[in-house]
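Chains as they are written, first to last, in the working numbering: chain S, 10 to 94; chain A, 54 to 337.
By construction, these hints were calculated from the structure, which means they are not laboratory data. Using N, Cα and C, we set each Cβ at its ideal position, and we do this for glycine too. Treat each hint with caution, since some may be false.
[As the list claims (entries may be wrong)] Label-pair distances were calculated between CB atoms; the ranges are: (1) 76(S) <-> 95(A): 43 to 53 angstroms; (2) 228(A) <-> 76(S): 39 to 49 angstroms; (3) 31(S) <-> 169(A): 30 to 40 angstroms.
[What the hints assert, rightly or not] Within a straight-line C-alpha distance of at most 30 angstroms, the following computed DSS-like cross-link-like pairs (lysine-lysine) qualify: (4) 192(A) <-> 46(S); (5) 58(S) <-> 130(A); (6) 41(S) <-> 229(A); (7) 225(A) <-> 58(S); (8) 132(A) <-> 263(A); (9) 263(A) <-> 78(S); (10) 229(A) <-> 58(S); (11) 331(A) <-> 58(S); (12) 150(A) <-> 24(S); (13) 46(S) <-> 121(A); (14) 24(S) <-> 192(A); (15) 192(A) <-> 78(S); (16) 255(A) <-> 192(A).
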Amino acid sequence: MGVKMTEGELPVPIKRIEMYFNDNREPVKNIKNATFKDVTTFDDNGEVKRHYSVEIIDGIDPEIGVDGKYIPEDEFFKENDEKIS
Amino acid sequence: MKRLESRKRELNPDQLSFEEKYFQGKKEQIERLRPTIEKLKALRDNVEKDDVELGLPDIPMGENTHTKQKDGYVYNKTKIFVQSDIKNDIAGNLLQKRVKGMWNSLPDDVRDIIGELKIKKSTAKGKKYQGGRYDNFTKILTMNINDATPDHLGHNFFHEIGHAKWHDLQEKNSEKVAKFIQKQKEIGWAPTKYSQSYSLTKIKNEDNEKRYRERMKRGGFIISRKGEEILIRNRKTSEDLYQNEIHAELNAYVMGMIPQELITAPKKVMVELLDSYKELWGLK
Chain S
10 MGVKMTEGEL PVPIKRIEMY FNDNREPVKN IKNATFKDVT TFDDNGEVKR HYSVEIIDGI
70 DPEIGVDGKY IPEDEFFKEN DEKIS
Chain A
54 MKRLESRKRE LNPDQLSFEE KYFQGKKEQI ERLRPTIEKL KALRDNVEKD DVELGLPDIP
114 MGENTHTKQK DGYVYNKTKI FVQSDIKNDI AGNLLQKRVK GMWNSLPDDV RDIIGELKIK
174 KSTAKGKKYQ GGRYDNFTKI LTMNINDATP DHLGHNFFHE IGHAKWHDLQ EKNSEKVAKF
234 IQKQKEIGWA PTKYSQSYSL TKIKNEDNEK RYRERMKRGG FIISRKGEEI LIRNRKTSED
294 LYQNEIHAEL NAYVMGMIPQ ELITAPKKVM VELLDSYKEL WGLK
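For reference, chain A alone in the conformation it holds in the complex (with noise of 0.2 angstroms):
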């Protein structure tokens, strides 16, 4: 499957006929909607348009050929939940569509790295609202719908699916990970101001780190073996999220989740990013 079929799929028409349904609703919700709705549209009716116009690589996204499904969820191994208030909010379900749009168009292989799909509508109170969450130790994806904030939803969906698939393969071929990271150094550039934002996190690290040298060599104090390596784990574990988020951000890309404007490599630039993920993934 590539990019824009993906994207096709998760703008599919019947799922856009219901939200026209839906207009017929309640009038606050439907004014609350309206702009998301419309965006949605907009972006069906120029879907190929756009595509052409961002004039990068498509890339394959690998078979999606589940076919056991419930409630219109396409499944293999992956247990799927769904609160039932959501199925009984015309808004929540709404969006938990786009979500079930989403999920319906990942290739088999990603779709299988989650253990457990679980769409739930937000149980903060007022203002308070959680988005996205991936646990990658239970391989749990959260997808926490509100719909005050929908705009959030696609990208908090790949988001996270593209961290779930960094630490699948960061478990079954770590070598792999490695070398993208070595690549992305040598590239040295993120493809959107988001994941460039996570240079930060190393240059604060960086800091901290030579902020406390400084004070233990004021202090007179040997830094301890335990302190080291502390130290070093403190450094990869920045770096490594710094490369972690590229990625994620690269595979919203490929999954049709990028619009053009949040892009802010160059083009020969976000060649090369994408070359080195198709690397990453044996992708031709």
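Just chain S, with the same shape it has in the complex (with noise of 0.2 angstroms):
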């Protein structure tokens, strides 16, 4: 059974992709199978927003939290720095 849509629904625009990688930079479709996964945000217009890449250990993505939600970007990235130049 195909999905029900509605007169005047929009696509769906791209807002995130992620890939999953092993150790040897090879896409994998399983987490479990994978080391890394590099992220990309885009814009209301498309745009590239950030790039970055997350370590993935024995199966578990740090961006997801307990309740099986993403962590909102500003707080997986908390900023604490020391200013050298």
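Since each chain comes alone in its own frame, lean on the hints to assemble the complex.
Next comes the structure, spelled out in structure tokens:
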């Protein structure tokens, strides 16, 4: 059975693309076989906002919280830096 | 500066002697880092031989003349931040020095793209680590380092640098980028499995668009102008990302960070890909 669509429903804009890889930098489908993932996020105009990579260890995606939801980017990337130049 | 010189600078003897001293440190951390240090030493010892075996054309990387330094980091306009936790941790400090070696090997014009370089130890606890990050709006390059996964450091760094260069050129000369994309389409290969995998995002998007159109047709709906705009934007987004990743891998090769075993394009194709990279950056 297909997805029911209502009039005026818009296609979903791409806001985020994730790819999982192993240590040989080969793409893997199952997170359990992944050692890192690369994420690209996009703004409302489809322009790249951020590129980043995240280590996946023992099949755990650190961006996903205990409730199974993505941790907001700002929270995920907390800053605590010392200026040197 | 050429790739080989860059590689030598990154694997500089001073840095490795620091690592050797580190072997006299804590036993647990030594064992964890030993394979990486051995690998670095092998790379350093074979850097010229490996480069010859790669058998690909060398590409000049541009002038590297910046002289301002703070804590050994060469800079011009970039603000550099190193988290104090890293300096206080011997393993973190070791990896921070690797980033420093890579950063200092960059050509001037590439270094100047980066508004801020932040080197941090992952704040996540336990088995949760972050890698590199480039923010295209703020021009901040963040390297999150962790001694449990040191092998990814070089890849993360030059990968993010490649993205920074790509976006910078898109802002300054989008026609050049469009020409590069067209050339890549003609060649029809990505240099590595990694970059090739991003063709899947294109395929997935094409599939999503097809299913959306079919559902609209089945429901008897007409796709609105806004809907068509989103579909066009999605197509461009997925195509551009694929090409962006191809460029990032070529960039990593030119800067000396792609081992031969990761190059999947045949040598003849790789030369064509590198020719288009050279054309993009006005290199001879």
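Comparing the hints with the structure gives:
no.	hint	in the structure
1	76(S) <-> 95(A): 43 to 53 angstroms	45 angstroms, holds
2	228(A) <-> 76(S): 39 to 49 angstroms	46 angstroms, holds
3	31(S) <-> 169(A): 30 to 40 angstroms	31 angstroms, holds
4	192(A) <-> 46(S)	21 angstroms, holds
5	58(S) <-> 130(A)	22 angstroms, holds
6	41(S) <-> 229(A)	40 angstroms, violated
7	225(A) <-> 58(S)	17 angstroms, holds
8	132(A) <-> 263(A)	46 angstroms, violated
9	263(A) <-> 78(S)	29 angstroms, holds
10	229(A) <-> 58(S)	21 angstroms, holds
11	331(A) <-> 58(S)	26 angstroms, holds
12	150(A) <-> 24(S)	35 angstroms, violated
13	46(S) <-> 121(A)	35 angstroms, violated
14	24(S) <-> 192(A)	19 angstroms, holds
15	192(A) <-> 78(S)	28 angstroms, holds
16	255(A) <-> 192(A)	26 angstroms, holds
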